[in-house]
Amino acid sequence: MTKKKKPVAAARAKTITTAPAKRTTSVGDGADAQQQLVASRVRAGLFALFTLLSLAITNGSAGVEGKFAFWVDKIGGTDVSFSVPVILLWAAVTVGFGAMAALQFVRGASFRWRLAIGLISPFLVFALLARLLDGTTANLTVFFTSTLLYAIPVGIGALAGIVSERSGILNISVEGKLLFGAMIGSIASSITGIAITGPIAGAIFGALVSLFFAWLGIRYKVDQIIAGTVINIGALGVTTFAYLRILQPYSEFNRPIGITPIQIPLLSDIPILGPILFSLSPFFYIAVGLVLFFTYMIYRTRWGLRLRAAGEQPNAAGTVGIDVVKLRYRAMLIAGLLAGFAGSYISLSGTGGFGINTSAGQGFIALAAVIFGAWNPVYAFGAALIFGMTSAATTLLSGLGVTIPPQILLSMPYIVTIIVVAGLIGRVRAPASAGRPYDQG
Amino acid sequence: MRLELQKITKQFPGVLANDRISISVDKGQVLGLLGENGAGKTTLMNILSGLYRPDSGKILIDGKERIFRDPAQAIDAGIGMVHQHFMLVPVFDVTESVVLGNEPTKGPLGSFDRATARAQVVELSKKHGLHVDPDAKIESLPVGVRQRVEILKALYRKSDILVLDEPSAVLTPQETEELFEIIRGLAKGGTSVIFITHKLNEVIAVADKITVLRRGAVAGETTPKKATAAKLAEMMVGREVQLTVSRSKSKVAEPILQVKGLNVLNDAGGLAVNSATFEVRSGEILAVAGVQGNGQTELVEALTGLRLVDSGTVVLEKKPLHAGSPREIAMAGVAHIPEDRNRDGMVKGMTIAENYILNTYHLPQYSKNGLLNRKAIAAATEQAVKDFDVRTPSINTDIASLSGGNQQKVIVAREFSRNVRLVIAAQPTRGLDVGSIEYIHRRIVEQRDAGAAVLIVSTELDEVLALGDRVAVMYEGRIVGILDAKEATRERVGLLMGGITK
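Going down the list, the sequences are from chains A and B.
The working numbering puts the first residue of the first sequence at 1, with every later residue one more than the last.
The working numbering puts the first residue of the second sequence at 1, with every later residue one more than the last.
Chain A on its own, in the form it takes in the complex (with noise of 0.2 Å):
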């Protein structure tokens, strides 16, 4: 890309009459390394920077005991507290923090960073929690549990814009299917009485909006973000209506059977672990598998190498005689599914049904997973389990009654995704052709 020049000669005729400084030159192999040394050099400060705001803390933090608690065999059983100074935990963060900061400013753009973060999150959501509970007791079964719940509707909407974004269309359409897969979901649960008849319905359904979205997109060449939006605010105005003047006055429809969680046989009775790892709703493992099936499928199989190089350069697959556009209305038949399969998990896993806005937002989260995850399934799901974290932490604090804005820690994924779609502290690259419509020849 060409620099452009900003008129600030007085300040430029003063170098320029320097001599010809001699130059490092040869720091990467263009501009893209150039930009992932910049962006790892921000990251490297953005990390020192937390270190010395830790140490802050640290500093603040004697005397101070941070109280857990786990259930031991089940959620409300027995339980088993402990209790850490918090200035252990924090000097553990700053430790973790400086190390980051450090390995980050040494390694460059080959630090794995994004684990890096994945690793501190919990340390760090601890000792935050530590710090503002101030004494009283806190009980972590039930946080890691509501994380990882969290990330369930949130990872699987995830996988649904990778889909559908490697293969070429910008799916911002995802929580509108989620509200549609939620409120379907209930009604076919409520309607037959059959608890698994939800998650097909609903998946059913976002496929259905979903190729609805891919025909405005691909047959009419409608601008996907345009597309998407209409499907978002269509989506809440419809289920919002259908709300009122249905599923409100005819309860009955909106009574769904939940999907209640399973307790996985021998795993489940693992003192701590079992009630927060092996005792949760079905979706979760379902979501986990699905994660890992398209993790495969994506970077291993000719599928996916077809879907990536349709959303990358569609021309190139298309002259060697892939049909692009089959391919993705495909890809967004998937990504609807699995879209509506997400939404009914809102509205089938607690005992509400269905209600107003019932997914509130968490569509949008799903696509700040997608970029925070790079377009990868896997580190995908990760960021949503620390977004899952951020929330669990929301719902922690005020239940026990500590008040902090709770929009402060909700507002967290957003100001992040910012972050990294500016591309300060990591560039991550979209599927090329993201949003293009694909014209033949």
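In case anyone wonders, no lab produced these hints; they're calculated from the structure.
Ideal Cβ placement from N, Cα and C applies to all residues, glycine included.
Any given hint could turn out to be false.
Claimed, not checked - Some but not every residue of chain B turned toward chain A, in silico, with C-beta under 7 Å:
#1 71
#2 72
#3 75
#4 87
#5 89
#6 101
#7 103
#8 105
#9 110
#10 111
To be verified - Anything over 12 Å on all C-beta distances counts as not near chain A; from chain B, calculated:
#11 160
#12 226
#13 229
#14 380
#15 486
#16 500
Based on these hints, arrange chain B on the given structure of chain A.
Chain B alone, transformed into the frame defined by chain A:
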């Protein structure tokens, strides 16, 4: 295999792109398909590769009629296309790019069998002498190597008929020579090759048979033995064409542009132009030769204000310009014909008139108080369109709908519409047809004769030698030599281009 196209006709709204075109190529033969831009070559190839369906006419392979409904069917029939704009995925590696669409797989999920694919690519590239690293990312490869990947793609699909659309447009002379070697080798091995180009000496160098297209129809057929460049040019354009630029001796006067110790960085922060020192005088053309990517682009961008000067001075008639904005530089009398007209030369989607005033709209004759004077703009554009022979239905036509040659004429007209003291022309004739090249060259020489200094940057040695009163050669950011036209022989310049200064 023998391929025959019979009376292919294709009508687009308003244009008869192909008018009963018949061509044929035998097994192991190289057919040179010559024609100007807009002669219908690309349409014909899109029909052959299954992207378009002809309105009428037949495609015969070994005497049997074939109908291609989509690219897959053309590939199955053994037709391999190497498109002018490469059809490669930048983030894929060579192996993935070659096998895409015909991937070896294993297992129930259709897992991509990378090991097999890689082995096939290695074997294929060995067999045909097309050296590429199977694990290299496409985006890291130079253009010449990318083209080899494209050819491998076609060979991987067992193409017996290889179609190359303007393959040399992006190549350096050396790479073009390598490509010719590859083509000859493939033909010897029994592959039929269709080589599409508008470059006369290329068809003479590589083809066994030449078919010339003009305005959508076959204008004639010949062989390289019988043909001369002049005769081919006449067939292609439809009239006699002057292939050499006629110009009087230059009347050199005082220096206009003086560049001293100029250092310019590339996007990666490396030194792209390394202490360049030269001057261009009134009434002369200084042609800068060099293999693409040796700092020419950055030099031009620095001189025209599009890129920061790191250090050094640029002076235009005593006025320092190294810290000037593009507008200041333009207003000081610099005309800039950019290297990439699509990116830096015009705004597609805007009309010819709007493009014509793109860098003068702020002048009082075109606007007052922020309002454009449409009448004055229209009048000036009408005049320019007439003067520069721009073929367009109207000055309010979207510039994107013009041919490349006519777009370039609009750009040249705009740049020459101001007071011109220095012309900076980067690859001014890239991708243009013979008629337009001739015209643009004449206009540039006119500026020189009127007393302007001219700096031409070109990777085409022919252009450099035809136009330069002096020839500067750039190699790895340095100006490794400046020769007078008399000393500037093909050999000497060629050696300098390779960095050999003796």
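Which constraints among the numbered hints does this structure fail? Numbers only, ascending.
none
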